[in-house]
Amino acid sequence: AQKITQTQPGMFVQEKEAVTLDCTYDTSDQSYGLFWYKQPSSGEMIFLIYQGSYDEQNATEGRYSLNFQKARKSTNLVISASQLGDSAMYFCAMREETVYQETSGSRLTFGEGTQLTVNP
Amino acid sequence: NAGVTQTPKFQVLKTGQSMTLQCAQDMNHNSMYWYRQDPGMGLRLIYYSASEGTTDKGEVPNGYNVSRLNKREFSLRLESAAPSQTSVYFCASSEAEEGWLAGGPRQFFGPGTRLTVL
Chain A
1 AQKITQTQPG MFVQEKEAVT LDCTYDTSDQ SYGLFWYKQP SSGEMIFLIY QGSYDEQNAT
61 EGRYSLNFQK ARKSTNLVIS ASQLGDSAMY FCAMREETVY QETSGSRLTF GEGTQLTVNP
Chain B
1 NAGVTQTPKF QVLKTGQSMT LQCAQDMNHN SMYWYRQDPG MGLRLIYYSA SEGTTDKGEV
61 PNGYNVSRLN KREFSLRLES AAPSQTSVYF CASSEAEEGW LAGGPRQFFG PGTRLTVL
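Residue numbers (my numbering), protein chains in the order written: chain A, 1 to 120; chain B, 1 to 118.
Note that these hints are calculated values from the structure, not bench results.
Mixed in with the good hints there might be a few duds.
Think about it this way: if two alpha-carbon atoms lie no more than 30 Å apart in a straight line, the pair counts; the simulated DSBU-like pairs of lysine-lysine are [stated by the list, open to error]: (1) B/Lys57 with B/Lys14; (2) A/Lys16 with A/Lys73; (3) A/Lys3 with A/Lys73; (4) A/Lys73 with B/Lys57; (5) A/Lys3 with B/Lys14.
Negatives, chain A to chain B, calculated, CB over 12 Å [unchecked claim]: (6) Glu15; (7) Asn67; (8) Ala81; (9) Ser82.
This one's a predicted model, so the numbers in the text were calculated from it and none came from an experiment.
Ideal placement from N, C-alpha and C gives every residue a C-beta, glycine not left out.
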């Protein structure tokens with residue numbers, strides 16, 4: 001089974017509007033971390049936001065926020081007031097406690113990504 | 001403060017050739033990672049090094065070797081390149097593992113190396 005599922009290969013949004021990018025995950029761990037990264041056409045990976053499984057509040061970083069629904073195992077990224085520079089590939093990733101304990105290392109599992117295009 | 005640097009940026013190899021991808025970080029991070037990204041896919045972990053002196057296999061280690069030269073540097077070697085290894089390779093680093101439940105650690109990525117094997 002896929003650990004991280006991003007069901008939207010591509011999304012389009014008008015400039016200044018909000019957009020939600022979906023991400024569901026599969027884990028039996030109680031402790032895990034969820035990350036979102038942005039990859040513009042230039043190729044670099046840019047960290048956006050993090051949500052820990054024990055965090056009671058939804059994470060927020062500027063125009064980025066997470067709609068974290070633990071029971072549904074989803075962590076959707078909301079980008080408010082979209083800008084042309086937001087056009088990029090967005091990746092959801094997870095880090096699980098069992099993997100950490102077994103390997104003493106930080107291992108991220110990535111989804112396949114969502115290509116976001118912001119139209120003027 | 002350059003963050004994570006990778007060399008080279010681009011490389012074309014013929015099948016059977018070998019090469020080493022270099023990665024260095026100046027953030028004093030303990031952990032370093034090598035990922036590959038194939039077209040239309042997310043990143044997959046090849047190898048990682050939780051701390052200086054240790055290395056472990058990730059999800060797709062076959063055909064690769066790594067060396068954690070010191071705390072700063074982590075290299076990836078392809079001994080006999082194959083067309084299936086055509087990909088973009090990313091190096092990343094992160095802080096010490098303690099406290100990850102509290103809010104991290106997040107991984108910082110290098111700019112990537114675009115490798116083509118003919």
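Okay, the hints, checked on the actual structure:
no. : hint                 : verdict
1   : B/Lys57 with B/Lys14 : 25 Å, holds
2   : A/Lys16 with A/Lys73 : 29 Å, holds
3   : A/Lys3 with A/Lys73  : 11 Å, holds
4   : A/Lys73 with B/Lys57 : 28 Å, holds
5   : A/Lys3 with B/Lys14  : 34 Å, violated
6   : Glu15                : 26 Å, holds
7   : Asn67                : 19 Å, holds
8   : Ala81                : 24 Å, holds
9   : Ser82                : 22 Å, holds
Checked against the numbered hints above, the structure violates only hint 5.
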